[in-house]
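Colleague: The letter at position 433 of the sequence shown is residue 433 when you use full-length UniProt numbering, and the numbering goes up by one with no holes.
To be clear, the hints were calculated from the coordinates, so they are not data collected in a lab.
You may find that some hints are simply not true.
[Said to hold, decoys possible] Under the rule of at most 25 Å between Cα atoms (straight-line distance), these lysine to any residue pairs were calculated in the SDA-like manner:
no. : residue 1 : residue 2
1   : Lys228    : Val102
2   : Lys228    : Leu331
3   : Lys292    : Glu190
4   : Lys521    : Tyr587
5   : Lys292    : Ser218
6   : Lys477    : Val388
7   : Lys207    : Asn156
8   : Lys207    : Arg155
9   : Lys332    : Asp347
10  : Lys81     : Asp161
11  : Lys332    : Tyr136
12  : Lys115    : Val102
13  : Lys412    : Gln457
14  : Lys585    : Phe518
15  : Lys115    : Pro166
16  : Lys332    : Glu251
17  : Lys521    : Leu556
18  : Lys521    : Leu406
19  : Lys253    : Phe369
20  : Lys477    : Leu380
21  : Lys332    : Arg317
22  : Lys111    : Ser167
23  : Lys256    : Lys344
24  : Lys345    : Leu376
25  : Lys226    : Lys291
26  : Lys123    : Ile313
27  : Lys125    : Ser310
28  : Lys123    : Asp203
29  : Lys403    : Tyr587
30  : Lys585    : Val575
31  : Lys253    : Glu351
32  : Lys298    : Glu121
Please read these numbers as outputs of a predicted model, since none were measured by experiment.
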Amino acid sequence: MEEKKLDLNSIIGFILIFGILVYMMYTNQPTPEELEAQEKAKQEQVEATKEVENQESTLVTTAEDYSVTSTTDSLQLVALKNKLGAFAYASTLPSATNKETVVETEKFSLKFSNKGGYLSEVKLKEFVDYDSIPIYLIKEGNTNFNISFNTADNRNLNTQDLFFEPSVTKNGENTIVSMKLKVSPTQFLEYRYELKPNDYMVDFTIKSQGLSSVVNGSQAINLDWKLKTFRHDKSISYENRYTRLTYQHEEDKIDKLSPSGDDDDAIEDVSWLSYRQHFFSSILVSENPLKKVDITSKNLVLDEEIDTVSTKIFTSRIPLELQAGEFSQPLKFYFGPTDNNTLKKYDIGLEDSIPFGWGIFGWINRFLFIPLFSMLSSFLPYGIAIVVMTVLIKLLLSFVQYKQFLSQAKLKIIKPELDAIKEKYKDNKMKIQQETMALQTKAGASPLSGCLPALIQLPVFYALFQFFPSAFDLRQKSFLWADDLSSYDVIAELPFHIPFYGDHVSLFPILASIAIFFYMKMTTGQQMATQPTQEGMPDMAKMMKYMIYFSPLMMLFFFNNYASGLSLYYFISNVISIGIMLVIKNYILDEEKIHAKIQENKKKPKKENKFQKKMAEMMEQAEKQKQAQQKKK
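Take the sequences, apply the hints, and build the full model.
Modeller: Here it is in structure tokens:
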């Protein structure tokens, strides 16, 4: 790009300023009596000017500080000009103060800072945090929005240090907030914000006019957006787990930085960047994909026992390109709830920033659980909606549980025959395996037929594990003793902190753990009854016995700080599973009929599938090799 030179307006401006300074210095000559004092003042001012020039930060002052009324003020203006160049003009305007412009809509209250021209405060009107304090996404200097650039005369400047001139106008029902960083009345860099009624999205445009000869386009121009996220939930560790920088790039790819430790990445073709704070998000959207962005995430919750007000620091550095020597970057800002229905309305994939799970898990949530829960909660209290949804899911999966229990019942019935096979071929393990497989195939009681139904339930289990912590509708909705289904319930506060457990006692995880204990006791007992008697089984029995106690204990500790809605689901789910098992065992399955049917199946010729034939051939070959080796010995 060609080197930028001063235009005619800039040259005339410099000549006028020089002429004014010469005239004022002439008319304000000191009398002989004041000469000594004036010389002393000048010396002090020269030293002060040198100190200013050596400062690393850009010198900014108010217009009142630089009103030209004396020789001393003239020297200060010269120092300002030397530091800021053409942008010194902005600091001589009446708007060059640390004031803020306040604008409100139905959704939020916004403050725009004259210094830097950026959003210095974003308050969401419709929501409060766990302590009934209004939700602030931006407040008290927790954000930084800055463009760093070089001028044509080799000055390095930052917009965060310069004063913008604000104006508020109306465009129909929309409110336009214009923040202009002026070089002259007709030359400026503008941040243009357009606010719509009842909308969380703010149109934001960075554009310039007449700066082609002022800004050096051959040097790097970077837009830096930094945000320190505030804590809004009762459990800071739980909220921090779901506070994450997520982004869409390369058209439709969704990726994230680490939710736990510090992380960074360099990404390309970025459509949007989401600074998600669990249930609330600050999202930067670009109408045209950003070619390159450097992002970082820093975890501030290093000790979960220490109460803190912030969770993470997110940063993004976006290189900007001048177009015909001018800025022109259309963007949007979303400040609002991390709610699927709200984000989906914008039809640009923002709902993908919600962690509903990858692959099949996300599909199950988006196309089954979200619509189902939305429908139920539209006419039922949220706690009751969870119970009803749990009942419907368990009834839907009841056939899976039936298949699993039926397989276990068949294995239990043929257990004496399996033990007989083991005794008959006790010196030939390969033969035991062959005969066992043949018997199970004829009886239709393969162990895999019991495992597969259990595997079918895993996607549902994991999808719901992702659904409840991300369901915005559960936020601050009460049920029984739980005052917030999106956070943990409390029945007792502890005077100390237990590692991995916390400083409180939640009742729903206790109930869920008890239900899991009895369910596992029933299923483990059934499984042990189906295992053939063999060496090593006492150790297996011990391990399974330990699992009966270990799994509920893990549930108790792990879910004590999780959403009570999730613990409520697991409690109801396991109670229903116990009920279904009892019904199947006592009223549906008839072991005598199953036994008779197995005997009939054993008489019928059973065709082996390709897998079974292959396994049988492999086992026969292994047996022949073993016999051959024994003969050699």
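Colleague: Determine for every hint whether it applies to the structure shown.
Modeller: Results of checking the hints against the structure:
1. Lys228 - Val102: OK: lysine 228 and valine 102 at ~22 Å, within 25 Å.
2. Lys228 - Leu331: Distance of about 21 Å is within 25 Å: holds.
3. Lys292 - Glu190: holds (23 Å)
4. Lys521 - Tyr587: Holds. Lysine 521 to tyrosine 587 sits at ~20 Å (cutoff 25 Å).
5. Lys292 - Ser218: The given pair, whose Cα atoms are some 17 Å apart, holds under the 25 Å limit.
6. Lys477 - Val388: holds (16 Å)
7. Lys207 - Asn156: holds (19 Å)
8. Lys207 - Arg155: Measuring from Cα to Cα gives roughly 20 Å; hence the hint holds.
9. Lys332 - Asp347: Satisfied, since the Cα-Cα distance of roughly 14 Å is no more than 25 Å.
10. Lys81 - Asp161: holds (15 Å)
11. Lys332 - Tyr136: Holds, because 19 Å separates the two Cα atoms, which is no more than 25 Å.
12. Lys115 - Val102: holds (14 Å)
13. Lys412 - Gln457: holds (23 Å)
14. Lys585 - Phe518: holds (16 Å)
15. Lys115 - Pro166: Within the cut-off at roughly 10 Å; holds.
16. Lys332 - Glu251: holds (17 Å)
17. Lys521 - Leu556: Answer holds: lysine 521 to leucine 556 is near 17 Å, not above 25 Å.
18. Lys521 - Leu406: Distance ~18 Å between lysine 521 and leucine 406 Cα, so the pair holds.
19. Lys253 - Phe369: This hinted pair holds, its Cα atoms lying about 23 Å apart.
20. Lys477 - Leu380: Roughly 12 Å between the alpha carbons, so the hint for lysine 477 and leucine 380 holds.
21. Lys332 - Arg317: holds (16 Å)
22. Lys111 - Ser167: holds (13 Å)
23. Lys256 - Lys344: holds (19 Å)
24. Lys345 - Leu376: holds (21 Å)
25. Lys226 - Lys291: holds (19 Å)
26. Lys123 - Ile313: It holds: about 19 Å lies between the C-alpha atoms, which stays within 25 Å.
27. Lys125 - Ser310: Holds, at about 21 Å.
28. Lys123 - Asp203: Given that 25 Å is the threshold and the Cα spacing comes to 17 Å, the pair holds.
29. Lys403 - Tyr587: holds (15 Å)
30. Lys585 - Val575: holds (15 Å)
31. Lys253 - Glu351: Holds, because 13 Å separates the two Cα atoms, which is no more than 25 Å.
32. Lys298 - Glu121: holds (22 Å)
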